[in-house]
Amino acid sequence: MIKLYDYLLSGNCFKIRLILSFLNLNYEKIHIEFYPSEEHKSENFLQINPLGQLPVISDDGFILRDAQAILVYLASKYDKGGTWYPVKNTDKIGMISQWLAFGDSLTGSASAARLHDTLFYHHFNIEKCRAMAHSQFRILDEHLFFQEELGNDWICDGVTPTIADIACFPYIALSEEGGISRISYPAIRRWLDRFKRIERFVVMPGVFPAGPGP
Amino acid sequence: MVSAFQDPVILNQWHPISSLEEINPSEKTFQTLLLDEEILYKMDKENKVLVWRKGSRDENLPTKLAYGFVWVCLGNPPETLFLFPEFDEPNRKNKATGVIGVNTSAGRAIENFCDMGHFPYVHKGILGEEPHTEVKNYDVEISDEPDEVLATNCKFFQPRANVTSTKGVDADYIYRVPHINCALLYKSSIVAGKLDVIVLFVQPMREEQIRAHTAMCIFDDSSTEKDIRLFQQLIFGQDKPILENQHPKRLPLNPRMETPIRADKTAISYRRWLLNKGLKYGTVAN
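Keeping their order, the protein sequence lines are chains A and B. Okay, so the first sequence: first residue is 1 according to my numbering, each after it adds one. Okay, so the second sequence: first residue is 1 according to my numbering, each after it adds one.
The reader is advised that the hints may include incorrect statements.
List time: in silico EDC-like cross-link candidates among lysine to aspartate or glutamate, alpha-carbon distance up to 16 Å [said to hold, decoys possible]:
{"#": "1", "chain 1": "B", "residue 1": "Lys226", "chain 2": "A", "residue 2": "Glu39"}
{"#": "2", "chain 1": "B", "residue 1": "Lys226", "chain 2": "A", "residue 2": "Glu33"}
{"#": "3", "chain 1": "B", "residue 1": "Lys48", "chain 2": "B", "residue 2": "Glu59"}
{"#": "4", "chain 1": "A", "residue 1": "Lys29", "chain 2": "B", "residue 2": "Glu27"}
{"#": "5", "chain 1": "B", "residue 1": "Lys42", "chain 2": "B", "residue 2": "Glu27"}
{"#": "6", "chain 1": "B", "residue 1": "Lys249", "chain 2": "A", "residue 2": "Glu176"}
{"#": "7", "chain 1": "B", "residue 1": "Lys226", "chain 2": "A", "residue 2": "Glu38"}
Note that these hints are calculated values from the structure, not bench results.
Let's have the full structure, built from the sequences with the hints guiding it.
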């Protein structure tokens, strides 16, 4: 049985809830209260992840931390169709890894801005976080525009989404909570909408389902 | 934009800045923003709470401890705060359930808290569910003594009305708005004849930026405090993007600025009440 150490309002935990739902896997949630009790910094939790970060999974006792690492692991092991992380397609794996790192880097920009505005993490330099997020969004928006021109709906080439899309989705979808508007990124907005229409997509507080579709 | 110093209604008011649970017991100094001013606060070793403006360490601001929160006034403090007698009733759990930042005005947050119409859409599967979307007629009055907006006989179908719910119920609600930025929600509890109270105390940081302090005063033996907090965070997390997308962010007090429907009776009375008080801060008049 897979156990997910989870926090409701965490975008990084949301990545794992998304892949578990897309792959239709049963799992048990263990709530770790990030705010206000900072349970992720508690003695007990530090035994599980000495970095004091969420998410963490335990798969029959195999413990893994880091949202991107968990995405790679779950997709490689459980995706029978082999589309979310096609291990044999080396070019695509390279491209996915590049965007996984990009998704991770949003934790220091768009996610930090959201923590600043929502949960009062005042040690972040909010203007810097927002500026960094905008420069990242611009790069992704341009990339997605050219993907659309080539007939690709997703971040990486091909007809199906990959874990790169999952890694980038949460903190972009939640960006307005950190005062980062997406109004200037039309390709991103179209991609968010396509993402929400993936079968078995789930929501979290702050993220709504797609409107009535075409 | 209005400065709080041009608005005696907002200035001469007790404002919540923190739950006691968050600062108790600690020698740490905390910082926040109230009416555009940087405010520092701490609880000392004798459990005394001190609040001061940044840069004026020696001048303690008027402070009040009530209902589990620290209240501060930047102008002339009113003699009393509204009554909340349930807080002191035996067998109730009084719990601060967390504070969340929202980029909106205090009035918009209070109004959203008192609105049942959004339950089936924003809190789908919890506080409401399609097709049970009708807000049945309810009563609203602005009373003089106590000075508050009161909505009674509110009924709404809720799949999961509170943290212990296992099936849908027609929940009975009463809303009280006894303070320009505070609202109390009374709803059926597990004890017959007694009502649970859900509390929203809003701290206006700026005209369009708030801290929403939430607390509960409830009868509940089974849930852990963590479960209760998570439930509140779930609900507020769902409200946040809706609140942040309302325009203008400041609350329109002129009745012709937004078109209400019957379900908005509480909001209409609340706006009229604020208009009569002459509140400027965080509102739009024209």
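Comparing the hints with the structure gives:
Distance check on the hinted pair: Lys226(B) and Glu39(A) sit about 10 Å apart at the alpha-carbon level, within 16 Å; holds. Restraint check for Lys226(B) and Glu33(A): satisfied, since their Cα atoms lie roughly 7 Å apart, inside the 16 Å limit. Annotation: proposed proximity of Lys48(B) to Glu59(B) holds, straight-line Cα distance about 15 Å (limit 16 Å). The suggested pairing of Lys29(A) with Glu27(B) is violated, with an alpha-carbon distance near 36 Å, which exceeds 16 Å.
Under the criterion of a C-alpha separation no larger than 16 Å, the hint pairing Lys42(B) with Glu27(B) is consistent with the structure, at around 6 Å. This hinted pair checks out: Lys249(B) and Glu176(A) have alpha carbons roughly 14 Å apart, not beyond 16 Å. For the given pair, Lys226(B) sits about 11 Å from Glu38(A) by alpha-carbon distance, which is consistent with the 16 Å threshold.
In summary, the one numbered hint that this structure violates is 4.
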